[in-house]
Amino acid sequence: MEDKVLTKILNEHKRTGGNLIMLLQRIQETFGHIAPENVDWFAERLDIPASRFFGVITFYPKFRTKPVGKNTLTVCCGAACHIKGADKILDKARETLNLTGDEDTTPDLKFTLEKATCIGACNIAPVVIMNKQVHSGMDPVKVTKLITGYEREEFLGYI
Amino acid sequence: MANDTIEIKVCLGTSGNAAGGEEVLRMFRHYIFEKGIEARIGKRCSPSKVGCRGFCSKDVLVDVIANDSRTTYQSVTPIMVERIVEEHVLGGAPIAEWTVKDEYASFNAKQRKVVLGPCGEIDPDNIDDYLAMRGYRAAKKAMTTMTPDGVVDEVIRSGLRGRGGSGFRTGEKWKACRSVPSDTKYVVCNIGEVNRPLAEGNPQAIIEGLLIGGYAVGASKGYLYIRERYHLSVERLRNALVQARERGFIGRDLFGSGFDFDIEFSFGTEAFICGEETALMESIEGRRAMPRVRPPFPAYRGLWGKPTVINNAETFSNIPLIIGMGSAWFAAIGTEHSKGTKIFTLSGKVRNNGLVEIPMGMPFRDIVYGIGGGIEGDKALKAIQVGGPSGGIIPTSMLDLGLDYENLARVGSIVGSGGMVVFDEDDCIVSVAKFYIEFLQRESCGKCVPCRIGTKRMLELLTKITGGTGTEEDLKTLERLSGVMASTSLCGLGRTAPNPFLTSFNHFKDEYLAHIREKKCPAGVCTALITFSVIADKCKACGLCRRACPANAITGAPKVVHAIDAAKCVKCGACYRACKFKAIKKQ
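Chains as they are written, first to last, in our numbering: chain A, 1 to 159; chain B, 1001 to 1587.
None of the hints are false.
Listed next, the in silico DMTMM-like pairs over lysine to aspartate or glutamate satisfying Cα-Cα at most 25 Å (straight line):
#1 A:Lys-88 <-> B:Glu-1270
#2 A:Lys-115 <-> B:Glu-1228
#3 A:Lys-8 <-> B:Glu-1285
#4 B:Lys-1113 <-> B:Asp-1400
#5 B:Lys-1141 <-> B:Asp-1129
Bear in mind the hints are in silico, worked out from the structure with no lab data behind them.
Construct the complete structure from the given sequences, taking the supplied hints into account.
Listed below in structure tokens is the structure:
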């Protein structure tokens, strides 16, 4: 089954003649992460050393080799967000999600917590992004409400 | 505006979206179409989305234009829509209590919206709106009445300089690329985080600029380089590209000139270094984004070894204006050596956070106090950080400095791509500098030694100072290190990385020394250097702080003055924020 999907990605990649980054983006889009065994699969078929794949994967923070949660919460930690308390939002999010050490995903694979360098929404700082939706003017209380809303799969607002 | 239409414009950039603009627009459509409002008033009534109007702290903004007068509502929520439709659209009476206040006028008064102008007016997903604002006239003019050299000369005469970072003269860059004989050339538009509002508000202008750029340098292929994470920008650009192609603005034999041009996306993934043009090219080619040695410059050997021009989206958005209105018109805006306008995201501790466009040369005072409306909570302004992470820190004493390329370079900063963060008295300048260096250390690509190791050492030294163990010797080391990095790093990131430290140290030496000699953080930010205590006279023994303390470090009971156990205190500041009587002292 997985082979079939991989083959499809491979053919698409060959057809469009995209670069390595685009290929990795497509793999991550499909599976949520880039599994090392999948890298080997592509490396073999494209005749590109796996080290080149891993070189690119480890360079860009967005690429991940571990499974991703169903929801991704990204906390922006750019300068404008920083001085408006992004670290407190991040701490609260980690606490709410019960993440310890360098974990970034909950064991039930419901949430992944990420940091972004700057998403360019400085004028509505501090911001977080839940999946694709930007939430502005955040604070630790609102981020908890946001997370619990998505836990129940019915986020209706910061009630 | 024709008298027989009522226009409703809902702000739907990233910020309007975050504030729930999508739902507001849906409600307007619901009331107007499903309740047959048009038939009842006998006028056309069109609710549409527009890009960012900049006044983001009061989003969602909605303009209602009826009978030639424009009313702007602020902080609109879906439940307010019905009343606006009933009373204003149907009844003709604007609802005064929901309209924008004076601050909206003062926010806009000093701005010069040239590039951003159409963003709050047109529907970014509809090419007809762009065409109605003379869209693609400049491209047509260039291709039918001007030679490529003529276009390059016009851009040179305008004095336009790159809006991405270094401020290199755009026309000169194009001229160099034009002069290189090659069958294949490329033009690349970098759409960084600060360019998002342009991509979301007026994507066609970027495409038109890129098109003219391609014609001028003789490239037949353009790339839109954008981070895939900027979903809304990607969506609108993609849509714009489809529409431009349908109308024949991209493709073969454009405007009958025999010139072919095609545009493709190249999706990057977030990395600060990708703002450096040679690193960006590496990224487009699918490798680790590590800068190349220059020369050769991209204009001679760029993407896949071919001559390439790289400019950012703001630079390209200026091009249709320069060609359409003429270089003389453009050169009349700004100062002698810095022409035109510059877009900034004004953020931090100013009252009006937002997206602003100012003529070059405007003093910082006008930006912070005029457009920004002053400091939040009437606190004292401490400094302004301009130019993004590798920019410099401008102290209050330089408030009357005009913002242009020369002035900023003179004070050790850069115009950069358009970040402006305002700090107030509660911000510690040393930890601000540390924050920026930490960012740059993380984002350093690691290719050259001065930047890779230099940023790391700088961060360690600044961490020492904010931790209370710094020495005056460390400051000397920092200065020496800064000099080495600035002169020997491979690319702009490393060369400008010491800016946050150097500028802040120049202007706030006392604050650095306070951290070192007195082991004090004057702003009360560096946790290792502050203590919290209860001022017994002011304590009402209410228990608020006791309940707020996560470490159970506060003792006391009802009617018994509270006290903080310094050994248990984790210095989180929760008590300080919780106290309603200002009875907690932070020093």
